[in-house]
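Read off the chains here:
Number of protein chains: 2
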Amino acid sequence: MLITISREFGSGGRELGKRLADALSIPCYDNEIIHFVAEQGGFDSNFIAHAGERSMKAFYPGTIASRLMVQPVNSLASLKIEIVSAQQKILRGFAESGDCVIVGRAADIILEDFRPFNIFVHASMASWIERTLARQHDGENLTAKEAERKIKEIDKHRASYRSDFTQTKWGDKANYHLCINTTDIEIKKIIPALVNYIRIWSEKEKG
Amino acid sequence: MLITISREFGSGGRELGKRLADALSIPCYDNEIIHFVAEQGGFDSNFIAHAGERSMKAFYPGTIASRLMVQPVNSLASLKIEIVSAQQKILRGFAESGDCVIVGRAADIILEDFRPFNIFVHASMASWIERTLARQHDGENLTAKEAERKIKEIDKHRASYRSDFTQTKWGDKANYHLCINTTDIEIKKIIPALVNYIRIWSEKEKG
Chain A
0 MLITISREFG SGGRELGKRL ADALSIPCYD NEIIHFVAEQ GGFDSNFIAH
50 AGERSMKAFY PGTIASRLMV QPVNSLASLK IEIVSAQQKI LRGFAESGDC
100 VIVGRAADII LEDFRPFNIF VHASMASWIE RTLARQHDGE NLTAKEAERK
150 IKEIDKHRAS YRSDFTQTKW GDKANYHLCI NTTDIEIKKI IPALVNYIRI
200 WSEKEKG
Chain B
0 MLITISREFG SGGRELGKRL ADALSIPCYD NEIIHFVAEQ GGFDSNFIAH
50 AGERSMKAFY PGTIASRLMV QPVNSLASLK IEIVSAQQKI LRGFAESGDC
100 VIVGRAADII LEDFRPFNIF VHASMASWIE RTLARQHDGE NLTAKEAERK
150 IKEIDKHRAS YRSDFTQTKW GDKANYHLCI NTTDIEIKKI IPALVNYIRI
200 WSEKEKG
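Chains as they are written, first to last, in numbering that gives the first Met the number 0: chain A, 0 to 206; chain B, 0 to 206.
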């Protein structure tokens, strides 16, 4: 059983993935993947962590960006290929090692041939802002307006990350088995119903 | 508990609505609504039945269409207003009379202030075609190609029907609590999980 979670920032998709994995007693891979990739591939982990969500230049003004100044197109392209190939290798490794939940990283597309159960988690902007403000780091003091800007920016980069792998659109319901709107929902409470749903689907797949 | 089902043609949304209503022991309104409207409003029931799914001209070449030849815009507009207003009245009547499932008719929007649980049911084109061919009427002998054309046409008119009521887009996941992809799913098997999910949501709403 392989479950992928794609999510809008602030929708609680990561929480949903972790709780689902707990309920199924299987591992949930999220940031762990990224660090693993970083170690395997010899990449700077901060770079890898953000490659999917920010533009490279914004994160590496002094290093990558300066390399890009010399050979902008080729360097960027070959760097992306390296990352994509490393991530594919790692994701496949996880999928092959047993049942698991993978949050983000376009795992639904990369692991398509494993026939995963694909969930998209979304919520209303009001609900995103509420969740984002509730889980601010110490010292971070975003206003609602700033939170909204941050959410939009991160989602834009998630969509663009996805487009490195596939022509299918991020968040298009046709690509997922279930799209869950968490706006009015307490995530932990829906887990039993989800487990039930996924088990039924999974039996059908086996049969 | 008010549940609305919007669906792509051939996705099994109507079956899902009926089974869900059975499991909850509440009524499911689908074509019944339309006939009821037709009787109440004094409309020709065949006209009402198709107003949401076909262009009026295509269905009424000799009657409505000829009226439209005289005053095309106003007649069409006032006819639409009459239908919309009659449907709103009927739908509200159903919602006020108790828990129920309503399939189609933009009930999610029309009954928005009842805070319904809104489901969108969709499936891959291959799966639509399979379902559509499986449930052909006697004498109907569609090819897969013809079925695809029919499906696209009906969905186009459903989307356009919706646009009489609202600016929000038909099938946009943001408007629904749950989007269910029935491509790999035997509908009757997922009903218990759905009932569970909706009960959790409904408790949250009450609490």
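Read the hints as simulated data drawn from the structure, not as lab findings.
All of these numbers come straight from a predicted model, not from anything done at the bench.
Check each hint, because a few of them may be wrong.
Unchecked claim - With a Cα cut of at most 27 Å, we get these calculated BS3-like pairs of lysine-lysine:
id : chain 1 : residue 1 : chain 2 : residue 2
1  : B       : Lys-187   : B       : Lys-17
2  : A       : Lys-151   : B       : Lys-168
3  : A       : Lys-187   : A       : Lys-88
4  : B       : Lys-168   : B       : Lys-149
5  : B       : Lys-203   : A       : Lys-17
6  : A       : Lys-187   : B       : Lys-203
7  : A       : Lys-172   : A       : Lys-151
8  : B       : Lys-17    : B       : Lys-203
9  : A       : Lys-187   : B       : Lys-187
10 : A       : Lys-203   : A       : Lys-151
11 : A       : Lys-187   : A       : Lys-17
12 : A       : Lys-203   : B       : Lys-172
13 : A       : Lys-168   : B       : Lys-149
14 : A       : Lys-149   : B       : Lys-17
15 : A       : Lys-168   : B       : Lys-168
16 : A       : Lys-155   : B       : Lys-187
17 : B       : Lys-168   : B       : Lys-17
18 : A       : Lys-172   : B       : Lys-168
19 : B       : Lys-17    : A       : Lys-203
20 : B       : Lys-17    : B       : Lys-155
21 : A       : Lys-17    : A       : Lys-155
* Asked: Failing hints, ascending?
  -> Of the numbered hints, 3, 10, 14 and 16 do not hold.
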